[in-house]
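2 protein chains.
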Amino acid sequence: MIDEKGILFILSGPSGVGKGTVRKALFEQDTNLKYSISMTTRAMREGEQEGVDYFYRTREQFEQMIDEKKMLEYAEYVGNYYGTPKQYVEDTIEKGHDVFLEIEVQGALQVKENFPQGVFIFLIPPSLEELKNRIIDRGTETEDLIMNRLKEARNEIEMMDKYDYVVVNDNINEAVRKVRAIVQSEHCKRERVAKQYKALLEVDEK
Amino acid sequence: MIDEKGILFILSGPSGVGKGTVRKALFEQDTNLKYSISMTTRAMREGEQEGVDYFYRTREQFEQMIDEKKMLEYAEYVGNYYGTPKQYVEDTIEKGHDVFLEIEVQGALQVKENFPQGVFIFLIPPSLEELKNRIIDRGTETEDLIMNRLKEARNEIEMMDKYDYVVVNDNINEAVRKVRAIVQSEHCKRERVAKQYKALLEVDEK
Chain A
1 MIDEKGILFI
11 LSGPSGVGKG
21 TVRKALFEQD
31 TNLKYSISMT
41 TRAMREGEQE
51 GVDYFYRTRE
61 QFEQMIDEKK
71 MLEYAEYVGN
81 YYGTPKQYVE
91 DTIEKGHDVF
101 LEIEVQGALQ
111 VKENFPQGVF
121 IFLIPPSLEE
131 LKNRIIDRGT
141 ETEDLIMNRL
151 KEARNEIEMM
161 DKYDYVVVND
171 NINEAVRKVR
181 AIVQSEHCKR
191 ERVAKQYKAL
201 LEVDEK
Chain B
1 MIDEKGILFI
11 LSGPSGVGKG
21 TVRKALFEQD
31 TNLKYSISMT
41 TRAMREGEQE
51 GVDYFYRTRE
61 QFEQMIDEKK
71 MLEYAEYVGN
81 YYGTPKQYVE
91 DTIEKGHDVF
101 LEIEVQGALQ
111 VKENFPQGVF
121 IFLIPPSLEE
131 LKNRIIDRGT
141 ETEDLIMNRL
151 KEARNEIEMM
161 DKYDYVVVND
171 NINEAVRKVR
181 AIVQSEHCKR
191 ERVAKQYKAL
201 LEVDEK
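Top line first, the protein sequences correspond to chains A and B.
The first sequence maps to residues 1 to 206 in this note's numbering.
The second sequence maps to residues 1 to 206 in this note's numbering.
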């Protein structure tokens with residue numbers, strides 16, 4: 001009944017907090033969200049697939065996209081680019097579908113500048129100790145990288161103030177349930193529906 | 001882990017829209033919410049109970065409460081007073097529990113003035129035609145009253161701008177699901193959790 005635009009949701013948070021796991025679980029439960037797959041120059045990890053986890057590109061290819069202003073955001077993180085192609089997000093929202101981005105903190109802050117009407121969700125670990133354990137458990141990082149990531153995580157958590165929502169990832173099911181609640185409640189925000197609804201009342205009067 | 005205050009949620013909307021039905025279904029599903037029972041001077045309807053649906057009082061008793069400033073809000077609606085005793089709401093929130101108020105529009109606007117940090121949810125019918133049918137189906141009103149209520153409903157819907165959320169009650173389960181999503185997402189609002197979480201990071205550092 002209501003010709004509403006889609007909403008861009010951004011899930012971000014420090015490396016190792018479990019953004020990817022939450023995003024995957026969310027998409028298993030909720031088929032209305034469109035996932036915007038990020039582009040990256042980092043190496044493919046075991047179990048990952050091109051066009052599923054990321055679009056994997058060389059630095060040269062990625063920098064060409066930047067030059068052509070085809071990225072909604074991009075960031076360099078631990079020596080690699082991560083970014084979001086712009087066109088897909090804009091088209092999908094225009095058609096009335098929600099888009100869901102799972103990105104690093106630097107990228108999220110760029111989206112905040114370029115697309116402030118997005119809804120920004122910050123995923124945080126129950127504690128920094130827990131975050132360290134998770135990064136170690138992943139087993140893909142050297143000790144130096146782990147310390148770097150923790151330091152970066154602390155800085156990133158300071159940026160919490162730029163976000164609309166904070167979800168503590170102490171339990172994946174619980175975190176997914178909260179993200180879904182945020183998606184649903186954002187569609188009930190008065191400023192999104194009031195105009196359309198008042199137009200509906202005008203029609204009723206005739 | 002987080003010593004957070006409760007939140008006051010206010011569900012309001014035009015008479016006949018189904019506020020009571022949504023509230024009852026919500027409380028069957030969600031036992032964490034504390035319901036603040038309203039006080040009224042209107043006659044008890046069939047099936048209603050003192051202290052369950054309302055506290056039923058005489059006009060004299062109610063006006064004494066007003067004089068003693070013991071009401072968070074009150075309104076006169078179709079010749080009767082409706083209101084919310086203040087103490088219970090304040091105590092419950094202080095203890096960290098959410099309070100849920102289901103009240104008429106005039107009362108909700110008073111709460112908005114007295115307690116702007118509340119979360120205001122406006123329940124609307126899919127159309128005015130549908131609202132008319134629902135009031136007629138209830139079978140408790142004369143034709144004059146029905147027309148008065150519809151006129152009042154239109155005026156009340158104009159007050160939508162004062163609310164944080166708008167939920168269309170085209171399906172009770174769907175409406176309850178949306179209200180629950182709003183409750184959950186409000187607890188994830190960054191401004192509610194950021195301060196506590198930053199304090200937690202300080203502790204980690206030691």
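What the hints contain is simulated information worked out from the structure, not anything from laboratory work.
Keep in mind that a hint or two might mislead.
A pair counts as met if it fits within one copy or between any two copies, since identical chains are not told apart.
To be verified - Think about it this way: if two alpha-carbon atoms lie no more than 25 Å apart in a straight line, the pair counts; the simulated BS3-like pairs of lysine-lysine are:
id, residue 1, residue 2
1, K195, K19
2, K34, K189
3, K132, K86
4, K69, K112
5, K112, K198
6, K162, K198
7, K151, K70
8, K162, K195
9, K189, K162
10, K70, K198
11, K151, K195
12, K132, K162
13, K5, K162
14, K112, K34
15, K86, K34
16, K151, K34
17, K70, K195
18, K132, K34
19, K132, K195
Exercise for the section: Tell me, please, which holds for K151 and K70 at an alpha-carbon limit of 25 Å: within, between, both or neither? Expected result: Classified as neither; 31 Å inside a copy, 52 Å across copies.
Practice task
Measure nothing new, just compare the shortest in-copy and cross-copy C-alpha distances for K132 and K195 to 25 Å and report within, between, both or neither.
Solution key: Between copies, since 22 Å is at most 25 Å while 47 Å is not.
Problem - Status of K34 relative to K86 across identical chains (alpha carbons, at most 25 Å) - result: Only inside one copy: K86 and K34 sit 14 Å apart there, 45 Å across copies, limit 25 Å.
Problem - Copy assignment of K189 with K162, given that the CA separation must stay at most 25 Å - result: Cα proximity of K189 and K162: in one copy and across copies (19 Å, 12 Å).
Practice task
With 25 Å as the alpha-carbon cut-off, assign the pair K5 and K162 to within, between, both or neither.
Solution key: both (23 Å within a copy, 22 Å between copies)
Exercise for the section: Can you give me the call for K162 and K198, within, between, both or neither, at a CA distance of at most 25 Å? Expected result: Between. Shortest inter-copy distance 14 Å satisfies the 25 Å Cα cut-off; intra-copy 32 Å does not.
Practice task
Since the copies are identical, ignore which copy is meant and state whether K162 and K195 lie within 25 Å (CA to CA) inside a copy, between copies, both or neither.
Solution key: For K162 and K195, the Cα distance is within 25 Å only across copies (13 Å; inside one copy 27 Å).
Handout entry: Identical-chain pair category, K132 with K86, by Cα at 25 Å
Key = neither (33 Å within a copy, 46 Å between copies)
Handout entry: Status of K195 relative to K151 across identical chains (alpha carbons, at most 25 Å)
Key = between (45 Å within a copy, 20 Å between copies)
Practice task
Give the relationship of K69 and K112 under a CA distance limit of 25 Å: within one copy only, between copies only, both, or neither.
Solution key: The answer is within: 17 Å in one copy meets 25 Å, while 45 Å across copies does not.
Practice task
Using 25 Å as the alpha carbon limit, work out where K34 and K189 are close: within a copy, between copies, both or neither.
Solution key: Result: close both inside a copy and across copies, 20 Å intra and 23 Å inter.
Handout entry: Identical-chain pair category, K112 with K198, by Cα at 25 Å
Key = between (30 Å within a copy, 22 Å between copies)
Going down the numbered hints, you'll see the structure goes against 3, 7, 10, 16, 17, 18, while the others check out.
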